[in-house]
Amino acid sequence: MGVIEFQLTRTIPAGIDDVFARLADIEGYNEWMPGAGSMLRGTTLTSPGAPALGTTYLDDTSFGPTPGEITEFEPPHTLVYHWWNRTKAGRLTVEGWPAYQLEATPDGTTLVRHHAEVRTYGLYRLATPFLRRIAKKERTATLAALAASFEPRRRADG
Numbered sequence: 001m002g003v004i005e006f007q008l009t010r011t012i013p014a015g016i017d018d019v020f021a022r023l024a025d026i027e028g029y030n031e032w033m034p035g036a037g038s039m040l041r042g043t044t045l046t047s048p049g050a051p052a053l054g055t056t057y058l059d060d061t062s063f064g065p066t067p068g069e070i071t072e073f074e075p076p077h078t079l080v081y082h083w084w085n086r087t088k089a090g091r092l093t094v095e096g097w098p099a100y101q102l103e104a105t106p107d108g109t110t111l112v113r114h115h116a117e118v119r120t121y122g123l124y125r126l127a128t129p130f131l132r133r134i135a136k137k138e139r140t141a142t143l144a145a146l147a148a149s150f151e152p153r154r155r156a157d158g
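In terms of the UniProt record's numbering, the sequence shown has 115 at position 115, counting the first letter as 1, and numbering is strictly consecutive.
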């Protein structure tokens, strides 16, 4: 097994409840992620109800469909996703855990500590260095898009 693990930190210009809600809103990613330098093309909720522990989803990525679920859900501080890819025979090839720890700051912004872990299996272990670069780029793009999603939009008419 190959392991990729790193942490990124970013201050988001919004309150902790709003940041948590945006990160937990799986289908909301369709509004602020695609086109932000991400491999995510879209995401679909595959279980009923509001996001919670066990909520499932399917990401449409440039690498193909990727299922996932919420494995930790403690509003407004902790949110962890788990995604995976399998061969047609059902063998696990790659899986990841994007995790978010949120902390309210005195100035009303939110400090986001984003921990990423990816594991590769079988022949996919050979791709671990390549996947490390992709994972860092993807996770950095996610935090940048999250921050940008809270910035005031400039009106086209000035």
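Derived from the structure by calculation, the hints contain no laboratory data.
A quick note: this is a predicted structure, and the numbers were derived from the prediction, not measured.
Do not take every clue at face value.
What the hints assert, rightly or not - Derived pair list, reagent style EDC-like, types lysine to aspartate or glutamate, alpha-carbon separation capped at 16 angstroms: (1) Lys136 / Glu151; (2) Lys136 / Glu95; (3) Lys136 / Glu5; (4) Lys137 / Glu5; (5) Lys137 / Glu117.
What the hints assert, rightly or not - Cβ pair distances, simulated, as ranges: (6) Gly108 / Phe63: 24 to 32 angstroms; (7) Thr11 / Glu31: 29 to 37 angstroms; (8) Gly37 / Gly108: 37 to 45 angstroms.
All C-beta atoms in this analysis are idealised placements derived from N, C-alpha and C, irrespective of residue type, glycine included.
Each hint, compared with the structure:
no.	hint	verdict
1	Lys136 / Glu151	violated (23 angstroms)
2	Lys136 / Glu95	holds (15 angstroms)
3	Lys136 / Glu5	holds (9 angstroms)
4	Lys137 / Glu5	holds (13 angstroms)
5	Lys137 / Glu117	holds (13 angstroms)
6	Gly108 / Phe63: 24 to 32 angstroms	violated (37 angstroms)
7	Thr11 / Glu31: 29 to 37 angstroms	violated (21 angstroms)
8	Gly37 / Gly108: 37 to 45 angstroms	violated (27 angstroms)
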